[in-house]
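Chain order of the listed sequences is A and B. Using this note's numbering, the final residue of the first sequence is 531, and nothing's skipped along the way. Using this note's numbering, the final residue of the second sequence is 1365, and nothing's skipped along the way.
Hints are not guaranteed to be accurate.
[What the hints assert, rightly or not] List of simulated lysine to any residue pairs, SDA-like, C-alpha gap at most 20 Å:
no. : chain 1 : residue 1 : chain 2 : residue 2
1   : A       : 446       : B       : 311
2   : B       : 397       : A       : 182
3   : B       : 1330      : B       : 1353
4   : B       : 382       : A       : 497
5   : A       : 470       : B       : 1215
6   : B       : 688       : B       : 822
7   : B       : 382       : A       : 182
8   : A       : 214       : B       : 408
9   : B       : 1160      : B       : 412
10  : B       : 250       : B       : 203
11  : A       : 523       : B       : 358
12  : A       : 523       : B       : 1270
13  : A       : 523       : B       : 311
14  : A       : 523       : B       : 1211
15  : A       : 446       : B       : 287
16  : A       : 446       : B       : 240
17  : B       : 867       : B       : 632
18  : B       : 932       : B       : 609
19  : B       : 711       : B       : 789
20  : B       : 376       : A       : 486
21  : A       : 489       : B       : 385
22  : A       : 489       : B       : 388
23  : B       : 392       : A       : 182
24  : A       : 495       : B       : 1202
[Unchecked claim] Reference excerpt, derived from the structure (chain B facing chain A, CB under 8 Å, subset only):
no. : residue
25  : 317
26  : 576
27  : 1198
Simulated from the structure, these hints should not be mistaken for lab results. Predicted model, so just to flag it, every value in this text is computed and none were measured. The beta-carbon is built from N, C-alpha and C at its ideal position, and this holds for glycine as well.
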Amino acid sequence: MSLVRFVHSADIHLDSPLKGLEKYESAPVDRIREATRIAFTNLISFCIDEEVDLLLISGDLFDGDLKDFKAGLFLTDQLKRLSKALIPTVIIRGNHDAEAKMTKKIHWPNLVHQLNVKKPETITFRDLGIAIHGQGYAERDVLEDMTQAYPDPISGMFNIGMLHTALQGRDGHAAYAPTSVEKLRSKGYDYWALGHVHKREVVETQPPIIFPGNIQGRHAREIGPKGVTLVSIEDNQVISMTEYFPDVVRWDHCHVDLSDARNEGDLYHALRHVINKAEEQADGRLLACRITLEGATELHTDLVSRQEEWAYGIRAEMTDSDGDIWIEKIRFNTQAKVDMEALRDQDNPLGGVLRTLEQLKTNDENRDDILNCLTTINTKLPPRYKQWADALNLNDPAQLNELLSGIEQSIIPKLLQEAGDS
Amino acid sequence: MRLLDLRLDKFGPFTDYTLDLSAPGVHVIYGPNEAGKSSTLRAITHFFYGFPSRTSDDHLHRKNTLRVGATISTSNISTSNMPTSNEDSLALYRKKGNKGTLRDESDQTVDDLTLATLLSNLPRDQFITFFGLDSKTLVAGGEDLIKGQGNLGEALFSAGMGGQQFQQLIKELDARQNELFKSTGSNPKLNVAFKALKSADALHKQHCLKSTEWEKAHRLVEEATEALASITSKHKAFYLKKERLERIRRTLPNLSSRTDLVSKLNEIENVPTLPQDSSTTRLNALSNIKRCQSAIQQQNQDILNCESQLANISINERVLAQDIAIDALKQERALYRNNIDEFQLAQGETTEKENELKTLIADLSPKNPNKNPEELILTTVTREKLGLLIEEGTAIESYLSRVETKQKENTHQLAEAEEMLEELPEKFAMDDLPLAIKSAERALITEQDVDKLTQLLRELQKTTTDTICRLSLIPLNDNQLLTLVIPSNENIIARKTAHEKQIEEHERITLSLKDIDSEISNLKFQQKEATVGGQLISENDLFRARKGRDSLWLEIKNDWIEKTTNEPNKTLTIANYETQTSAADQYADRLRREADQLAEYGLQEIQLEKLTDKRHQQQTTLHNINNGLAVSAEEWQALWPAEVASPGSYAEMLQWEISFRQLQVAVTEKIKLNANIEDKAPHIENAINTLTSLLAQSGEFTTTNANIDTNTHKPLSFLLELANALLTKHSQIKDERQSHLTRQKDAQKLKTKLSHEIAELNQEKKQWQQRWTKQIIVLEVPSDSSIHTVTIQLSLFDQLAKLLKEHDQIDTKRNQLKVQINRFENTVAKLISECGITDKNPQDTLINLHSLLEALTITQTNKRNVQTIRTTIKRHQSTLASEIQQLKTEQDQLAALFQLAGCETTEELQLIETENTNRADLRKSLATIEKTLKAESYTITELYTEIEGINIDELPLMINEAIAELKELEQKKELAIKNETTAISEFNTLENQEGAVTAAEDAESALAQIDVHYREYCMLAITRQLLSEQIESYREQNQGPILALAETYFCRISLGRYPRLVTQYNDKDEPELYCVRGDREIPINGLSEGTRDQLFFCLRIASILHYFDHHDPIPLIIDDIMMTFDDERSLVAFQILGELAEKTQVLYFTHHSHHKDLARGALKEACVFHDLEVTAAI
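Construct the entire structure; sequences and hints are all you get.
Structure representation (structure tokens):
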């Protein structure tokens, strides 16, 4: 059999807005808004330019309950480009697609095959010598191992299994369609094209079991290059697997250690150093960056008391630079340069406050009392915010503790405000 | 822990300055302005915690050399004079740096933990706030007390934190919270973001393209497309019909012609078919046969001629065998001639060089003119040595000359500088002048301050005098004015309110009495009216009258019964009855009226009685109010001091009170200003004295100059001007002298250097001379020959060497030429012999060579001729063969034509050819017609089929009908296209609306905003909540001991005016602090500013002492806190500090000299004084 090449992609999440979009002056909102669409267009162009034989999309073409049909139309337009180039596409529906009722109404272009959602289906490409087995999600919460019902491999062909799964669990991803590497291997397929996990992962090489990751990072937790896998096979053997990155916005989370910073110049120097590295890794793309300032620093008091001014200054500094960068958020996680233990041990009001905070962090008995002061605002909070992925959830002990640490660090300069070099 | 000493080694204005702090008691450290008080305060903190990266204390010493030290006692009791052993004390110092900055006496690094432990691990900031107390903190603490409206928890918390402006912090937290969120607001940031999110979500929903919407639009497009397709199809059908009819009209004539042609062709179908060009072929073949036969004959004749020529040519093979060698000689012939010429030239040159050599040897060695020239050639080493010696000698001479010239110039410069120096004064005594000027400049600023203060004082004095006049006060001094106690504003307002209430009550009662009196007289009048004329009957009369009425009614009844029984005339009876009852009714009415009148009279009686009682009560109340007014007037009068005439109305009182308070403030300010001016005066005086003294020393300043008119000149500024001028002048002279000194020094240095160089050069020259003498011997010149002489002789030797070299070269060349000539001549002779050519002139090589060349040319020409003839024969033979072949071909072709036509003669063949031409023309016409028909894109058969059954006459009509139908369908199609375009356009519009994405992005943006603000809000709210809880908790735990202690101190410091501190709960059930004065509880805002500061001072001291219950003592550092304390209260404050000094070390810094007296008065022996003087600092 001659050389056959296919692209394995997943988790397109079309029209998923990039999260945490803070619109400040000169923020490149248009480019951010269009990012998922452009990334998908890039992927299609890549398939056409490279003259690949097949495109696989292992679930989650859309983002949740798709209300806007235009995303569907955009998708079909792009897939039509592939059809014109005589490149077939095989799709399975993921949990997000199952949620989006409107996707059922999409008329797929020629050469686009959406696999059955009620039972596993096999589609064969005799000319390519490839057989594809898979099943899409009929509903969002698929909690059983779907691969049990997958058919046996077809002899003499290159067998690919398509599955939207979290395997035995992956951080930050719902444990849908659970299965194990052993079970996948036991099916005897030549390649497992998985989807659902947004971070690229080569789970296994014999046979290849691959999560290609999503094609465009959407928030500060989806950092680094995002792309697809180009697989070349010859005589039913995988001879190479290379990555291609169609993403147009590259996310990063820059931790700036200010332990040695003594003035504004030091801060910007440290910041520039970290940002430069991130820019290099962004490889000419727009860098969407979350900045966390951290470390015990002499600047802590100033940073705490003038957060908005500092945030403005940092954004202005980044905008003035030559780099193509968008600051998504600036987190102030610095600490005062003091001996916290010594402060807590003091028999004075500040010591009392700090001890109370420490108790709250380790003992949840009094937490409800302290959170009572938020009852009013919590009732006014929009439900949309509560469901938001990045939302502050004070019922989560880790998040509450982080907040309490922030309070601890902000209260020290406030209560020692009058102190100085006297 | 306490400090036994503080060593300011290199810090701020100090150098090696030590403060002995070992003695017990309060250490009062006095320092006027600029004496380094603030520096000393900072030095303590820096010693404990290290120097900060940026410091202002490096103006005298370089930053990295800063150093402070201290000896620390680790014993806890401050009363012990000195540590009991060395183990109890630590002598350390702190230097500037990043690591290992704490050192012991032996300069070994000491761990910072040592000090941290002694400081109870207090961080730097907290040490400063908690154990540093200054007037600013005190005033801020006092202000915070009033902002907190005496909230006890907050007061204790603030004091416990060292006077941090807690209320300000609370206010900021609350303000920021409100800026972020309000439950009913619309402007706070979170509220705005909530709204934005809602709006974005709504917009998103609105812009989202629903699938039904899309499907509807899509369906419309499909329907329009279908309609268009249907019409298009119909249109196409009619179009085809019209086309078919028009085609029939077009093809009909052609089809008819075709039928005729086919018929004609069929008639000549059996004639043999000849090639189209058979006629041409036939004619060409006949002509070619004739030409070939002639050519064959000609070629045979040419071959015979050539063979005859060959027989007449002969070739010399021996010459031909040597053709290469002979050719080579021909090439070398020119070289041979040239070599002969050059050989003769070289012969001549050799002779010439030999003669020149002889002449030169005679010059160089006159004694031995026949000497072999080789012996006179210098070796390369000798020649190089001589060359180097010449270079070296020349260089030494040149450098020596330059140095000697430079030495002369330098000697001149030195003389000039020494001359200038003699003219300029040598010594200056003005080294102290810059420092004095600096000090005077500072004093001048102080003087300007004093002027301003004096002006301010004058204004204040005027204000106070005016106010005193306005208030009609008897003359009092400032202290009397300050101690004068008058009713407070609150008291006046309270009394005014009470008085107004009493007056109001008085008026109300007076009015009420009037009303009562009016009512009584009214009632009495009514009663009188009722009794006048006996209208009012008595009770008994009324009783009797009622009885009479009842009897009368009984009579009427009986009369009625009787009459109705007996009297038949009912009409009369009824008339009687009516008369009787009417009388009875009138009587009854009268009775009722009388009864009512009687009852009313009774009621009036009761009312009258009540009014009388009420009147009596009101009169009593009025009496009491009058008494109360008189008493309060007396009390009020007693409240005003004798010096003050009590003002009249309450409005006047209030105005008076405000003016008086302002007066007291002004007086306080005046006292402060006076003190300030007094403090500054010595400093100015010192500066004047110092400058005067220095100017006098300089000789520039005489008594005449010093006698300044103080009305027109400020002495200090005048002196400063003189001093600055003097300084400038002296600086200029100093600079000039310094310049000449530098010049002199440089010239001397250069002179020494040049002398040394000259000596060295002479020595070098001597050494060279020795080597020179030794080396020039080989040149056969005298040993004392100069460089010039030797150079000339050396050039002759060089010339000899060159000549000899040239001679040898020419000789070598001549020999080489001879060899070449001989070799050429021998070769020619050899070839002549080998080719068998007879020698024409055996001695002449060139003639022999010519013979050889000639023989070779002839032989070669003959050989070429033979070859040419042979080639010609071959060509003729080839042409002959070709012509024979051509002849045969033509004959065959002609035979084939005859065979194809089936004839034998040329005439028959010509006839068949004509028939063939006719048939071809017919076929051509048929093809043309069929081509035209085929252009219709149909086969001939189809076209014949199409015209079957067509009536030609009806054809035009049918075509017109089809065109009309088509026209109609075209209009319909246009409409369908328009419909489809509209539907597609609407569909595209739906697809191109991108509002949903923008709205989703806006929603994300709003969510991000909410997240940022919500996080901040949570932090603020929890912080606020924590602080509130902590305040309460701290109060609960510490209220008892701290408040008790603070109460004692406050009682003392307020000179017994406020003996107690109590707490009261406000509406929110929060405890508030009140100060008890007499039997009244004064809220915090009822205290004067100074008293509030003192209260905060007491709370701070109490908090510190309470802290020491659980922690080791740490020195307390106080910076001039008694700015708002009067002397009596200051005395008490010092006493309290003295008591505190028994628990921990107390260092009190002040720039008020009279505080020293106060401290001494309060503490006697338990007080140690330190003066930070300017001189000490410098």
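Each hint, compared with the structure:
no.: 1; hint: A:446 x B:311; in the structure: 10 Å, holds
no.: 2; hint: B:397 x A:182; in the structure: 11 Å, holds
no.: 3; hint: B:1330 x B:1353; in the structure: 13 Å, holds
no.: 4; hint: B:382 x A:497; in the structure: 17 Å, holds
no.: 5; hint: A:470 x B:1215; in the structure: 19 Å, holds
no.: 6; hint: B:688 x B:822; in the structure: 17 Å, holds
no.: 7; hint: B:382 x A:182; in the structure: 31 Å, violated
no.: 8; hint: A:214 x B:408; in the structure: 17 Å, holds
no.: 9; hint: B:1160 x B:412; in the structure: 11 Å, holds
no.: 10; hint: B:250 x B:203; in the structure: 16 Å, holds
no.: 11; hint: A:523 x B:358; in the structure: 12 Å, holds
no.: 12; hint: A:523 x B:1270; in the structure: 28 Å, violated
no.: 13; hint: A:523 x B:311; in the structure: 15 Å, holds
no.: 14; hint: A:523 x B:1211; in the structure: 12 Å, holds
no.: 15; hint: A:446 x B:287; in the structure: 18 Å, holds
no.: 16; hint: A:446 x B:240; in the structure: 14 Å, holds
no.: 17; hint: B:867 x B:632; in the structure: 10 Å, holds
no.: 18; hint: B:932 x B:609; in the structure: 14 Å, holds
no.: 19; hint: B:711 x B:789; in the structure: 12 Å, holds
no.: 20; hint: B:376 x A:486; in the structure: 13 Å, holds
no.: 21; hint: A:489 x B:385; in the structure: 12 Å, holds
no.: 22; hint: A:489 x B:388; in the structure: 16 Å, holds
no.: 23; hint: B:392 x A:182; in the structure: 17 Å, holds
no.: 24; hint: A:495 x B:1202; in the structure: 13 Å, holds
no.: 25; hint: 317; in the structure: 7 Å, holds
no.: 26; hint: 576; in the structure: 66 Å, violated
no.: 27; hint: 1198; in the structure: 6 Å, holds
The structure shown violates the earlier hints numbered 7, 12 and 26.
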